[in-house]
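Here the sequence shown is numbered in UniProt numbering, starting from 1 and rising by one per residue.
Simulated from the structure, these hints should not be mistaken for laboratory data.
For lysine to aspartate or glutamate, the following DMTMM-like pairs were computed, each having C-alpha atoms within a straight-line distance of at most 25 Å:
| # | residue 1 | residue 2 |
| --- | --- | --- |
| 1 | K334 | D357 |
| 2 | K532 | E502 |
| 3 | K581 | D462 |
| 4 | K94 | D371 |
| 5 | K273 | D254 |
| 6 | K532 | D357 |
| 7 | K225 | D293 |
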Amino acid sequence: MPKSTSVRAPLRTRLTLWRALATAAVAALLATFLTPAAAQAAPPRESAPVYSYAHAVRESVWVDTGLDEDGDGRHDRVAADIVRPAEPAREGRKVPVIMDASPYYSCCGRGNENQVKTYDASGHVVQMPLFYDNYFVPRGYAFVGVDLAGTDRSDGCVDVGGRSDVQSAKAVIDWLNGRATAYTSRTGTHTVKATWTNGRTGMIGKSWDGTIANGVAATGVKGLKTIVPISAISSWYDYYFAQGAPLYDGGPADLAGYVQSDAAAAHCAAEQKKLTDGSPRSGDWTPLWTERDYVKDAAKVRASVFVAQGMQDLNVRTKHFGQWWDALAKNGVKRKLWLSQTGHVDPFDYRRGAWVDTLHRWFDHELLGYDNGIDREPVADIERHPDQWVTSATWPPAGTRATTVHPAPGATPGVGTLGLHRATGTETFTDDPKLGETDWAAHLTTSAPEKTGFLTAPLTQDLRLSGMSQVTVTATPTTASAHLSAVLVDVGPDTIRDYSDEAEGITTLKNRTCWGASTAGDSACYLETAAKTADVDYTVFSRGWADLGHYASPAKGVPLTPGRSYTMTLTLAATDHVVPKGHRLALIVAGTDRDLIDPPSTRPTVTVQLGGTSAQLPLVGGAQAFTRATSGTTAKAPAPKRLKGLSSPRRPSRIPGD
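Could you put together the complete structure from these sequences and hints?
Have a look at this one:
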């Protein structure tokens, strides 16, 4: 028999063929032996709207907080209105909860259209503000809207971020997890258990609502799996003061009076007095502020945190998210971040489709445990230009380093330079409470008595700042009191969102889009918005303020000695901003920032000693990036002219709401 003339296939080819045959065989066996249900057992990646919103269960409970803030001799109860799908409970399955605890459900409204809760004749909620219930209840979530103590249908007193505020929401989470008692009425004795939930809760809310989410997370309460604070406060002192400088002409007692119910107003005079006495307008740190500082308790946080913040928010300023973010990072908390160019605006009103999709995937991952990949995506989304977004794998980005730059005198008084080398000399300004950052920036290239400014040469490369800056000022006042402002400015033409407008960077349109299911009493359709923009010659992108009398300690301010020099470091608001090639980076040091801080009791002239003044900037690439961006051009003074900017920012509302 003759030998075969065939050639054997190479080993790699044989192995590939064998694997293909084996895979096909396994697939055939699976198709033969597995039932259809088993074959479809792949884990889900997205919750779908499979439940009826029209037939959802709507109920109200009153949860015992364990406190008696209104002093009536019985524990306060807070009202929690619930909308949940009916089908899972009938099938013996438990659902997670999305919760928004708010003081605004009756007094002021929620969202761009100021929605309030409405009820039927039985006292069950008909309209739940915002889209959360419309969208998520059909997808297998319960939504719970909690009236904070002292508001709407709840007992107790409003204590503006204190233990009563926080306990209002924490008690509901405890009830959802079987650790607290709830009743079917405000004064009755019939108790009710949350047998329909697995206790896994995510809190969400803008401003005061998001602040409560921060506060509850800082208690470490079990069952709270994630929070989504939107433009939220992390320390109430920093809402009312900036290192001793008063930001508003009111205090927490005024705020409590604004949102409290009629019942609370009749019974909470003692709590109001505590708020007034504990928050002196001196700007001194008191025990009241320690109780309302959530940053100090970041180590207790068990929940993941998805932060959304407008970088031009002058109501809840970005210092709040910056210090909270950094504290959470030090304690290994899982985080995600959205930063927009807007002011105090909800992402639903500036990037609606992407926001709803991202929020959906976030809650699916954190509350339902779906492996949808959101935890492997870039940590931060940042609006670089109106409606133009970029992502950052980490935030601040890898390679961000604190870099110290120094002011130096220029040929024109009040128009100096900014570089890496320490200089000598002085600059002088006289506090003018009628002027603010837009006036200073408009005159950056000219001498003006109310400010002193320092500019780099035109940049040869983009320069990115990401995080919180600090500006150290050595200043000699002529009077016994002085306030300081430090402002970072991008000098160059750009189109930005008009955050100084009443709507803070958006325009509300006439058409509606729908996000979830609707009923006759609760529509899921909301007015669309668009970016409101302005063309400018400069952009103020970060600022910070301080009372020089608090140079030694935030706990106690002291009168200044005229003619004596003091050194103080101002913490500026967190940001992520790129100063593009061809633009200049500028630092302004001045006094009262009109409408953003209140003036001191005197009108000082302040001499700034340049050798003792510097700015520590969070530069991506550090000092090398600054050197590259400022090399190759002459640091000559810019041509003097008035620069075009936005109108002066409106005096921010003293109400951290919509």
